[in-house]
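S.K.: Residue numbers (the numbering used here), protein chains in the order written: chain D, 26 to 792; chain L, 985 to 1274; chain G, -2 to 155.
Since the hints were derived computationally from the structure, they do not count as laboratory data. One or more of the hints may lead you astray.
What the hints assert, rightly or not - Each computed DSS-like pair below joins lysine-lysine, with the alpha-carbon atoms no more than 25 Å apart:
{"id": "1", "chain 1": "L", "residue 1": "K1038", "chain 2": "L", "residue 2": "K995"}
{"id": "2", "chain 1": "G", "residue 1": "K145", "chain 2": "D", "residue 2": "K662"}
{"id": "3", "chain 1": "L", "residue 1": "K1226", "chain 2": "D", "residue 2": "K462"}
{"id": "4", "chain 1": "D", "residue 1": "K662", "chain 2": "G", "residue 2": "K146"}
{"id": "5", "chain 1": "L", "residue 1": "K1191", "chain 2": "L", "residue 2": "K1145"}
{"id": "6", "chain 1": "L", "residue 1": "K1173", "chain 2": "D", "residue 2": "K699"}
{"id": "7", "chain 1": "L", "residue 1": "K1145", "chain 2": "L", "residue 2": "K1005"}
{"id": "8", "chain 1": "D", "residue 1": "K83", "chain 2": "L", "residue 2": "K987"}
{"id": "9", "chain 1": "D", "residue 1": "K635", "chain 2": "D", "residue 2": "K735"}
{"id": "10", "chain 1": "D", "residue 1": "K699", "chain 2": "D", "residue 2": "K777"}
{"id": "11", "chain 1": "L", "residue 1": "K1008", "chain 2": "G", "residue 2": "K(-1)"}
{"id": "12", "chain 1": "L", "residue 1": "K1173", "chain 2": "G", "residue 2": "K142"}
{"id": "13", "chain 1": "G", "residue 1": "K145", "chain 2": "L", "residue 2": "K1067"}
{"id": "14", "chain 1": "D", "residue 1": "K106", "chain 2": "D", "residue 2": "K148"}
{"id": "15", "chain 1": "D", "residue 1": "K605", "chain 2": "D", "residue 2": "K486"}
{"id": "16", "chain 1": "L", "residue 1": "K1173", "chain 2": "D", "residue 2": "K777"}
{"id": "17", "chain 1": "D", "residue 1": "K786", "chain 2": "L", "residue 2": "K1160"}
{"id": "18", "chain 1": "D", "residue 1": "K786", "chain 2": "L", "residue 2": "K1005"}
{"id": "19", "chain 1": "D", "residue 1": "K777", "chain 2": "L", "residue 2": "K1234"}
{"id": "20", "chain 1": "G", "residue 1": "K155", "chain 2": "G", "residue 2": "K145"}
{"id": "21", "chain 1": "D", "residue 1": "K458", "chain 2": "L", "residue 2": "K1173"}
{"id": "22", "chain 1": "D", "residue 1": "K600", "chain 2": "D", "residue 2": "K486"}
{"id": "23", "chain 1": "D", "residue 1": "K462", "chain 2": "L", "residue 2": "K1173"}
{"id": "24", "chain 1": "G", "residue 1": "K(-1)", "chain 2": "L", "residue 2": "K1038"}
{"id": "25", "chain 1": "L", "residue 1": "K1038", "chain 2": "G", "residue 2": "K10"}
{"id": "26", "chain 1": "L", "residue 1": "K1173", "chain 2": "D", "residue 2": "K456"}
{"id": "27", "chain 1": "D", "residue 1": "K486", "chain 2": "D", "residue 2": "K562"}
{"id": "28", "chain 1": "L", "residue 1": "K1008", "chain 2": "G", "residue 2": "K0"}
{"id": "29", "chain 1": "D", "residue 1": "K159", "chain 2": "D", "residue 2": "K142"}
{"id": "30", "chain 1": "G", "residue 1": "K145", "chain 2": "L", "residue 2": "K995"}
{"id": "31", "chain 1": "L", "residue 1": "K1038", "chain 2": "G", "residue 2": "K68"}
{"id": "32", "chain 1": "D", "residue 1": "K142", "chain 2": "L", "residue 2": "K987"}
{"id": "33", "chain 1": "D", "residue 1": "K458", "chain 2": "L", "residue 2": "K1226"}
{"id": "34", "chain 1": "L", "residue 1": "K1005", "chain 2": "L", "residue 2": "K1042"}
{"id": "35", "chain 1": "L", "residue 1": "K987", "chain 2": "G", "residue 2": "K0"}
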Amino acid sequence: MAYRVVGRSVARNDVIDKVTGRAKYAPDVVIPHMLHGKILFSPYASARIINIDTSLAKSLLGVRAVITGKDVPYTYGSVIKDRPIFAQDVVRYQGEPIVGIVADSEVIAEEALNLIKIEYEEKEPILDPFEAMKADSSLLHADLGSYQHNKITYPEAETNICSHYKLRKGNVDDAFEKSDYIFEGEFSSQMIQHAFIEPIVAVADADNVTKRITIWSTACNPFVIRKELSSAFNIPMGKIRMIVNNVGGSFGGKAYSKIEPHVAALSLACSAPVRLALTREEVFNLIVRGPGHFKIKTGLMKDGTIVARKIETVWDTGAYAECGPVIARNSGHTAAGPYRIPNVKIDAYCVYTNKNIAGAFRGYGVQEATWAVESHMDDIAREMDIDPYDLRKKNILHYGDEGATGQIVEGTGLEQCLDAAWEAVNRKEIKRKSGSKLMGRGMACVHKATLAPSVSSAIIKLSEDGTATLLTSTTEQGQGATTVMAQIIAEELGLPYEEIYVSGTDTDYTPYDTTTTASRSTFSMGNAVLLAARDIKEQLMIIAAEYIGVDKDELTFEFGKIKVSSQPEKSYTIKEIVSKYYGLNGTLIGRGLYRPDSVPEDSETGQSTKITPFWMYGTQAAEVEIDIETGEINVLKLVAAHDMGSAINPMNCRQQLEGAALQGIGNTLYEEIKLNDKGITVNPNFHDYKIPTAMDSVEIESILIESQQKDGPYGAKGVGEPALAPTGPAIRNAILDALNIGLNHLPLTQEKILAAIEENKEKLEGC
Amino acid sequence: MLKTFEYLQPKTLEEALSMMKSCKGSFRLIAGGTDVIVQIRSGKTPPDYLISLKALNKELGILEEKEEGLDIGALVTHRILEKSPTIQKEYAALYDGVSQVGSVQVRNVGTIGGNVCSSLPSADSAAPLLILGAKLNIVGDREESICIEEFFTGPGENILKNNQILKSIFIPKLPKNSNSAYEKLGRRKAMEIPVVGAASYIQVDKKTGICLDARIALASSAPTPIRCYKAEQTLVGQSAEKEIFVKAGKLAAQEANPRTSFRATEEYRRSVIPVLVERSLSRSLNRIKK
Amino acid sequence: MKKSISLTINGTKVDAEVDQNITLLSFIRDEMGLMGTKEGCGTGDCGACTVIIDGLAVKSCIYLAVEADGKEITTIEGLSIDGELHPIQQAFVEEGAVQCGFCIPGTILSAKALLDENEDPTEEEIKKGIAGNLCRCTGYVRIIKAIKKSAKVLQKAK
Ligand SMILES: Cc1cc2nc3c(=O)[nH]c(=O)nc-3n(C[C@H](O)[C@H](O)[C@H](O)COP(=O)(O)OP(=O)(O)OC[C@H]3O[C@@H](n4cnc5c(N)ncnc54)[C@H](O)[C@@H]3O)c2cc1C
Ligand code: FES
Ligand code: FES
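Same shape as in the complex, but just chain D (with noise of 0.2 Å):
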């Protein structure tokens, strides 16, 4: 069927303002008479607090509040509630809040910072992840056992591990024996940081006596953050109020409570707005994508079937969990790649260490998944002397086949991103050697779950002037989404897609939406926004009945327009029909509720007939050229195919498509958060820590695959995530490819590279 609006790039509904610099985001939220908060960090990533001296900073003119953990004794936390507001007694990472001051300017409250006290006991800090593992390890959490935590955490208590998430499916020790080929393989990712252009700011106007808080802020999701806050600070969900607008870049990184706790003790504590910015350093000391560790085996047979793989999988997931289990859960769902493999065995342990706090970064766990089991793919074509396009095609997942997680395969979208991706990138002969220069190719597939179960709502309200306004709690931050939602509107309605309003979120005003995450959005919140049309349509139908005074089974909607069978030559427009209806003036309010389909997990053994409502899938290839005397490796062009379902707006999706492969580069070539041996950070800041420059883009070619999915919004799914995971292992396999080498701990930088081709001379003598 020919749509009218979906399937059309139409400019985003948000991108005027944004040209213009309109639109607001957090940063630029102003309450007259707002005070400034300033947090005190711990300088140490572990220690003992013996005693903190707040006496002069309070005595200091224009301060209005200084509070410590002893003033907010509460925790937060929504996967393990193991994460005091302000330290009580012990630090566990640097960057640790310790002590909160409220202050007429920030630099009055930067000043009294200076003036506080604190005495601290320093430790030794845990910061390697098997170190903590170990059954003699010092615990950052000894109470770990009598911690809250939710359903798919699997926290083992008197240890370092936070949760270990199972996954067991046949017999692999059986299968190995079988087995005629055998391959293992290790593989690291490293601390990276989303390093999203706005930092993490914070508004909160608090009433003491009503406990009454509003909250503005830089966070993706804000209904998450009001059950912490609710939760922590024991105040009714009712009177907690967030209220997001524009969000400049998340990654995952704005995803659960940042500051917001803090800001609201602060506002709490003076009842007064307050307004808590952090500077780029204390962004990157509160949150970063932790250091990933894998160990692979595969068995296989003589013709290249893959009959059995085993995983293990270690995340550094820092001193408190955030969503660390959350990541080496759904990570598991992708470790054992998009292949049709009876027999796999993988176990995830998220481990606590005295490092900066582990949060999701673009897909859980799925790009540094993605990343082991990838190259490991091609390790194994090269040892078995098979076409690693080869080896692929024959293990991939098709229709119908059952995937790790003992899930059916519903789309065909995997193989046709495959073929795609791997068409694209070899279309031009390649030139294997110039100068000092070799050149190579290599792929790498990902498949991924998105978050069940889940919840979204939506709310549209029809003006009668026939204009509609959604309300929706999506948080839009860059990926688009009140456009896509305002497109299905559009089509469901037949309404011009410039007359749909899309609100941002308020938690007072907007209805429940669980995340914007997971690449969920497009699905969950499309089919919420669908739903919610066809409630405003059947209503319409009602009253055009009624106005017009036909039966309503005489009735039709076509595009906009209203038609009664015994009359063709008569149209009504939905104007003239709410119009009419209410007179003057009136609203029509649509609601829509929709809550996927998914089986929970079984916790021994991970399998569930539907763990996911869909699976997404994409295929990237790279072409690389590396400078075998410095190390220096440019990307010379990347292919992303990926499987979106169907691309309610193509220009988005390819947006998605192109930013991720270039977050992709900069992740796997030089970016890294570098920790000394006392656990603090060395380059917090983006004048050390480099993500790519436009100088450092690269050819980008995108493919939109589009299988439709039978149960997303006009056959769409998700999308953003997965775009970033095979960037990292394509452009991985096409060094393997150009120098016979294969590197296998992250970041790739060129530094490394040059190390690894002094150390297999002998190796490159083919290339």
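Once you have looked at the hints, place chains L and G with the ligands on chain D.
M.R.: Chains L and G with the ligands alone, transformed into the frame defined by chain D:
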């Protein structure tokens, strides 16, 4: 908001010098401020006074081509140098260096004087100035001219006294059949501090192809930007071609004293110095040929 | 201690008393209420705070407000006149160059400064011209296209 300081803006060089002398409390000179403001912001205790050189454009902002060479006022920005046809043509290594400082916005404001006076081992103008034989014109109690080789004393340190200002930089005109180049290796392609920078200057006999004169300098390869005299000497009297350039590169690496930082290890810097030196020399030679 | 400065912002003359230790960025946002200029790092590394001073793109977070005395400043708010988008803004809209948008005002101003002095830049010159404006969302692909396109439009309009 930055921590408090008082901002002073002298109108003449003389006024600036006397302000520096009579200043009660700590002070720092500020030119473009691209280093100074970042440092103040990053929490280091600010000075009591910032003495701005911005109003001294008349005295410190000249860019003048003379018979014997080029006079560059300390206040001339990287951007002005980058766009100067003279620099592009005659002093190519300096063009290579200043056109790669930070980004356009930084080059629009950051000055060559500030770059030299910050005296970082990684300064992108330093190695080019070293091989171009630059002289620094310093004013204080008196005016003096020194070779740039004598200027740097350590990372972020130089011979300037508390009452001295760098007024201008003089670069002698290059002889016939000579040219220069600067190679910068970073982790990304822009907005980057060099992991290693290598500048070179050579003069050849057009007929024989013999190298008559050579200078090599390195950035981010020692506690200060350095000249590599031994490497230079191997070149003189030899036929200017890749083989000898490679040899010079290796010698330069021996003269260097790089350190390990989170940006790169000592070993890596040592292994790429020869490559960059060779490439820089080859570029200089190619430029002569053109 | 305060100092008086007088400058022009987006064509309007402004006289102000400013603290000596505030940056131009903080003057523009906090005192002038022009929130389109963004702060991403405060250390000169991201370019979100880019404004044009006397025709040159500058990072306003590492520029003192007192030094803006006598200068002519353009912020993103000064680009669209009489309800019409500037051709660069228009091209950003058409080419899909915008995602989260946080880097966009700064990038557009860098593009404007570039096109003002080089009306027909090569792709390499465009990349160099905006290398100081970090964008984490777009991969720059469409930003570069948009600048190319607006160069054509601006040339035609001449
Ligand atoms: C984002 C960013 C990227 C950068 N990238 C690079 C890069 O790639 N390569 C590079 O080399 N540098 C880089 N820099 C550093 C800086 O921009 C340069 O060093 C610049 O040239 C400094 O000049 P300025 O006029 O801004 O110096 P200022 O900050 O004003 O001063 C620097 C120092 O020199 C002193 N000083 C200045 N002028 C004089 C004078 N005439 N006499 C005596 N003392 C003086 C000051 O007291 C101060 O100590 C970068 C900076 C930033 C913020
Ligand atoms: S805020 Fe000025 S460069 Fe980042
Ligand atoms: S659009 Fe988000 S940082 Fe550029």
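S.K.: All hints are to be evaluated individually against the structure, with a verdict given for each.
M.R.: Outcome of the hint check:
no., hint, result
1, K1038/L x K995/L, "holds, 9 Å"
2, K145/G x K662/D, "holds, 21 Å"
3, K1226/L x K462/D, "holds, 17 Å"
4, K662/D x K146/G, "holds, 23 Å"
5, K1191/L x K1145/L, "violated, 48 Å"
6, K1173/L x K699/D, "holds, 21 Å"
7, K1145/L x K1005/L, "holds, 11 Å"
8, K83/D x K987/L, "holds, 20 Å"
9, K635/D x K735/D, "holds, 15 Å"
10, K699/D x K777/D, "holds, 15 Å"
11, K1008/L x K(-1)/G, "holds, 20 Å"
12, K1173/L x K142/G, "holds, 20 Å"
13, K145/G x K1067/L, "holds, 22 Å"
14, K106/D x K148/D, "holds, 24 Å"
15, K605/D x K486/D, "holds, 17 Å"
16, K1173/L x K777/D, "holds, 18 Å"
17, K786/D x K1160/L, "violated, 42 Å"
18, K786/D x K1005/L, "violated, 61 Å"
19, K777/D x K1234/L, "holds, 21 Å"
20, K155/G x K145/G, "holds, 16 Å"
21, K458/D x K1173/L, "holds, 22 Å"
22, K600/D x K486/D, "holds, 13 Å"
23, K462/D x K1173/L, "holds, 17 Å"
24, K(-1)/G x K1038/L, "holds, 19 Å"
25, K1038/L x K10/G, "holds, 22 Å"
26, K1173/L x K456/D, "holds, 23 Å"
27, K486/D x K562/D, "holds, 12 Å"
28, K1008/L x K0/G, "holds, 20 Å"
29, K159/D x K142/D, "violated, 36 Å"
30, K145/G x K995/L, "violated, 43 Å"
31, K1038/L x K68/G, "holds, 13 Å"
32, K142/D x K987/L, "holds, 20 Å"
33, K458/D x K1226/L, "holds, 20 Å"
34, K1005/L x K1042/L, "holds, 22 Å"
35, K987/L x K0/G, "holds, 16 Å"
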